[in-house]
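Asks: So the sequences go chain by chain: A and B.
Counting from 1 along the first sequence, just add 19 to a position and that's the residue number in my numbering.
Counting from 1 along the second sequence, just add 52 to a position and that's the residue number in my numbering.
FYI, nobody ran anything at the bench for these hints, they're computed from the structure.
Each residue gets a CB set at the ideal place from its N, CA and C atoms; glycine is no exception.
It cannot be assumed that every hint is accurate.
From the structure, some residues in chain B lie toward chain A, with a derived Cβ separation under 7 Å [to be verified]:
id : residue
1  : V73
2  : R76
3  : S78
4  : G314
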Amino acid sequence: MSKSKSNTLKLKFDSARKLAPALENTSAAKINTQYNLFINGKFEKPLSKKYFDTINPATEAKLSEVALANAADVDKAVKAARTAYEKVWGKMPGKERAKYIFRIARMIQERAREFAIIETLDGGKPIRESRDFDVPTAANHFFYYAGWADKLEYAFPNRKVKPLGVAGQIIPWNFPLLMAAWKIAPALATGNTVVLKPAENTPLTALKLAEIMQEAELPPGVVNILTGAGQTGAAIVNHPDINKIAFTGSTEVGKLIQQSIAGTGKKATLELGGKAANIIFDDAPLDEAVEGVINGIFFNQGHVCCAGSRLYVQESVYEQVIQKLKDRLETLIVGNPLDKNTDIGAINSKEQLDTIHNYLKIGEREGAEMYQSKAPLPSKGFYCRPTIFTNVAQSNRIAQEEIFGPVLAVLSFRTDDEAIEKANNSPYGLSAGVWTDKGSKIFNMTSKLRSGVVWANTFNQFDPVSPFGGYKESGYGREGGLHGLGGYVEVG
Amino acid sequence: MMDRIATMPFWEPVRIDKVGVEERASRFTKRSIKKETKLNGLLLTLNMIDLTTLEGKDSEGKVKQMCYKAAHLHDAYPGLPTVAAVCVYPSMVALAKKSVADSGIKVASVATAFPSGQSSLAIKLAETKFAVEEGADEIDMVISRGRFLQGDYNYVYDEIAAVKEACGAARLKVILETGELVTYDKVRRASDIAIHAGADFIKTSTGKISPAATMPITLVMLNAIRDHYYKTGKMVGMKPAGGISKSKLALHYLVMLNEVLGEDWMNNQWFRFGASSLANDVLMQLAKEQTGVYQSKDYFSVD
Numbered sequence: 020m021s022k023s024k025s026n027t028l029k030l031k032f033d034s035a036r037k038l039a040p041a042l043e044n045t046s047a048a049k050i051n052t053q054y055n056l057f058i059n060g061k062f063e064k065p066l067s068k069k070y071f072d073t074i075n076p077a078t079e080a081k082l083s084e085v086a087l088a089n090a091a092d093v094d095k096a097v098k099a100a101r102t103a104y105e106k107v108w109g110k111m112p113g114k115e116r117a118k119y120i121f122r123i124a125r126m127i128q129e130r131a132r133e134f135a136i137i138e139t140l141d142g143g144k145p146i147r148e149s150r151d152f153d154v155p156t157a158a159n160h161f162f163y164y165a166g167w168a169d170k171l172e173y174a175f176p177n178r179k180v181k182p183l184g185v186a187g188q189i190i191p192w193n194f195p196l197l198m199a200a201w202k203i204a205p206a207l208a209t210g211n212t213v214v215l216k217p218a219e220n221t222p223l224t225a226l227k228l229a230e231i232m233q234e235a236e237l238p239p240g241v242v243n244i245l246t247g248a249g250q251t252g253a254a255i256v257n258h259p260d261i262n263k264i265a266f267t268g269s270t271e272v273g274k275l276i277q278q279s280i281a282g283t284g285k286k287a288t289l290e291l292g293g294k295a296a297n298i299i300f301d302d303a304p305l306d307e308a309v310e311g312v313i314n315g316i317f318f319n320q321g322h323v324c325c326a327g328s329r330l331y332v333q334e335s336v337y338e339q340v341i342q343k344l345k346d347r348l349e350t351l352i353v354g355n356p357l358d359k360n361t362d363i364g365a366i367n368s369k370e371q372l373d374t375i376h377n378y379l380k381i382g383e384r385e386g387a388e389m390y391q392s393k394a395p396l397p398s399k400g401f402y403c404r405p406t407i408f409t410n411v412a413q414s415n416r417i418a419q420e421e422i423f424g425p426v427l428a429v430l431s432f433r434t435d436d437e438a439i440e441k442a443n444n445s446p447y448g449l450s451a452g453v454w455t456d457k458g459s460k461i462f463n464m465t466s467k468l469r470s471g472v473v474w475a476n477t478f479n480q481f482d483p484v485s486p487f488g489g490y491k492e493s494g495y496g497r498e499g500g501l502h503g504l505g506g507y508v509e510v511g
Numbered sequence: 053m054m055d056r057i058a059t060m061p062f063w064e065p066v067r068i069d070k071v072g073v074e075e076r077a078s079r080f081t082k083r084s085i086k087k088e089t090k091l092n093g094l095l096l097t098l099n100m101i102d103l104t105t106l107e108g109k110d111s112e113g114k115v116k117q118m119c120y121k122a123a124h125l126h127d128a129y130p131g132l133p134t135v136a137a138v139c140v141y142p143s144m145v146a147l148a149k150k151s152v153a154d155s156g157i158k159v160a161s162v163a164t165a166f167p168s169g170q171s172s173l174a175i176k177l178a179e180t181k182f183a184v185e186e187g188a189d190e191i192d193m194v195i196s197r198g199r200f201l202q203g204d205y206n207y208v209y210d211e212i213a214a215v216k217e218a219c220g221a222a223r224l225k226v227i228l229e230t231g232e233l234v235t236y237d238k239v240r241r242a243s244d245i246a247i248h249a250g251a252d253f254i255k256t257s258t259g260k261i262s263p264a265a266t267m268p269i270t271l272v273m274l275n276a277i278r279d280h281y282y283k284t285g286k287m288v289g290m291k292p293a294g295g296i297s298k299s300k301l302a303l304h305y306l307v308m309l310n311e312v313l314g315e316d317w318m319n320n321q322w323f324r325f326g327a328s329s330l331a332n333d334v335l336m337q338l339a340k341e342q343t344g345v346y347q348s349k350d351y352f353s354v355d
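Using the sequences and the hints given, assemble the complete structure.
Replies: Encoded structure:
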């Protein structure tokens with residue numbers, strides 16, 4: 020196709036973005052002006068006497084203030100969890116534990132709308148995603164692990180399993196409720212008790228979950244939820260009476276945690292960063308592949324550890340794929356996360372937005388070509404247009420480092436071996452995607468890609484039944500499925 | 053002949069992933085269409101309808117009434133557009149042409165042994181010419197599904213090209229009858245053949261076979277149109293037909309059209325709904341937007 024011709028062949032999508040507002044009604048979501056720490060079944064004032072604000076990243080308005088837990092608060096929570104483990108939860112028959120977990124799952128479903136709205140308000144993700152993905156998937160996790168509670172002997176045939184004790188769990192801001200579910204559900208099913216710290220930026224749905232724990236009459240101390248920042252997390256990691264650390268977050272913090280617990284006998288599962296490769300072969304269903312790539316990188320503003328942030332396209336379909344990607348980009352609606360039509364919501368925080376902008380500058384400096392959609396952005400709040408970099412080299416930082424934003428780096432390849440080599444050429448190994456019509460090629464690729472998850476002709480599919488976790492700097496241990504139980508039991 | 057083949061790479065079929073295309077199609081239905089967007093969408097829908105009657109029992113009276121309704125959808129609501137076209141059998145074309153007069157409404161005629169297409173090429177061409185001579189502005193032909201499923205793609209291609217020639221100035225809509233092609237891969241292949249053979253529109257169904265139009269099938273066809281546009285810069289129209297009887301569904305189709313092909317296609321020159329009962333549902337919705345309450349269907353004429 021000649022250059023002059025491609026100019027006249029532009030499809031026009033201005034009207035696709037101009038839909039009348041369809042705002043979710045927020046009256047179902049009750050947010051208190053202040054939240055305390057959830058310790059031993061009660062909301063208690065922090066011993067630190069300190070609170071911090073949590074804001075709506077879409078408007079920068081304050082939503083509420085939450086307690087800041089210090090080391091003394093952590094100690095109080097761990098003691099409550101230890102007592103609950105020894106007196107009640109650790110001894111309770113699996114069948115009885117299951118009833119509580121099922122109850123929690125059902126109550127999340129009953130209050131799904133409220134959870135979805137608060138998740139969107141606090142984190143900036145589109146209401147379509149919190150409503151259709153985060154909340155239902157969180158409920159599913161509780162349902163799934165509730166089912167395992169009385170069947171552990173079948174999960175580990177001919178072995179004796181027992182719980183570890185008290186689990187300290189630290190979760191990130193990208194999927195606040197879902198990550199809480201991923202952590203709490205398997206811990207409870209296996210008979211452990213929990214001290215959980217939600218991310219500093221997004222504590223509200225975890226606190227709402229604490230309300231559910233109360234309403235479900237879960238025995239006091241089984242689940243404790245402490246809000247706070249990095250120091251609170253450090254106090255949990257370093258507490259001597261914790262048996263297990265489950266962490267999801269950055270590779271940098273993951274390494275610190277590993278150093279801190281070295282030699283303590285604490286078990287750990289770490290789910291860290293990623294720089295997933297999505298590989299499109301020339302025999303792939305291209306329109307569906309492009310759609311998968313779009314969802315792979317722009318889902319949740321790209322704040323996904325397994326986001327498909329590197330795209331490898333086979334040379335012969337490269338031009339076509341780029342054109343389709345750009346056209347699809349133009350139809351994405353960036354804006355108020357509460358609008359049901361929003362595809363890309365607000366970036367979670369000012370700091371994250373600065374990080375992303377910095378990478379955009381780096382990409383341009385490295386000589387990559389940047390393409391951004393022409394979507395208008397709201398004047399207030401933290402927003403970033405969906406961005407594609409072409410003409411990227413494997414050695415570029417935008418192709419190597421995790422950006423954690425709506426930024427895609429596109430590279431091309433010629434042979435299957437080259438695709439495998441380039442895809443594996445990363446310090447990370449969390450997920451990958453393969454797009455081809457040929458079944459045998461899928462099996463060849465999946466056996467050679469060093470990633471915890473490989474999706475074929477789809478991307479970002481999550482199911483409680485399927486394990487999730489990384490290779491290399493993406494961490495170790497698996498969450499979800501049968502494998503997810505293994506992180507919370509001692510197998511005798 | 054060789055030259056023509058060289059520009060049509062049928063040897064490299066476009067692959068469609070069933071799960072992916074259905075997921076994408078359902079995503080359009082998540083768009084929430086409100087207020088002025090809804091109102092504009094409803095008016096646009098009316099203006100894109102091919103008001104259709106294709107029964108053996110069609111009477112002159114019925115065709116006349118339908119043509120009147122095409123121009124006067126609901127006179128109680130001032131300022132409504134007319135529909136795009138009326139669609140009838142060849143024997144009714146002259147009457148329809150007279151009835152729509154100078155309203156600007158087009159007369160479309162089915163032809164080529166509609167709906168099965170089980171006849172000889174000579175008869176199909178003669179029927180097409182008859183409809184055009186009677187005054188049809190548009191011809192809705194059916195492809196030979198039997199030949200297509202046999203793998204005789206050249207026959208299907210040549211037949212469409214011949215009918216196109218017989219159409220003269222009339223625009224040609226090519227009905228794939230996707231309900232008989234079954235898989236998305238085949239729908240895509242038939243779309244490519246029809247487009248390359250000269251179709252001005254590609255159309256899903258006759259309305260006589262179930263399933264008729266669905267959103268994923270329409271999406272596959274829209275993607276074929278888009279790929280052709282990418283390659284050649286030529287626009288081809290799309291007409292889903294059959295099974296679209298509710299305004300909400302019609303609005304979802306418009307969302308899909310807008311996001312796949314863009315605003316150049318958002319008019320009745322390039323997009324049509326083949327439907328008989330959709331108009332009244334849209335009218336009910338419009339009346340509701342105006343008055344705030346739904347009215348009984350008895351307040352809307354059935355023609």
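Asks: Confirm or reject each hint.
Replies: Verification of the hints:
no.	hint	result
1	V73	6 Å, holds
2	R76	5 Å, holds
3	S78	11 Å, violated
4	G314	4 Å, holds
Consistency note: the structure conflicts with earlier hint 3 alone.
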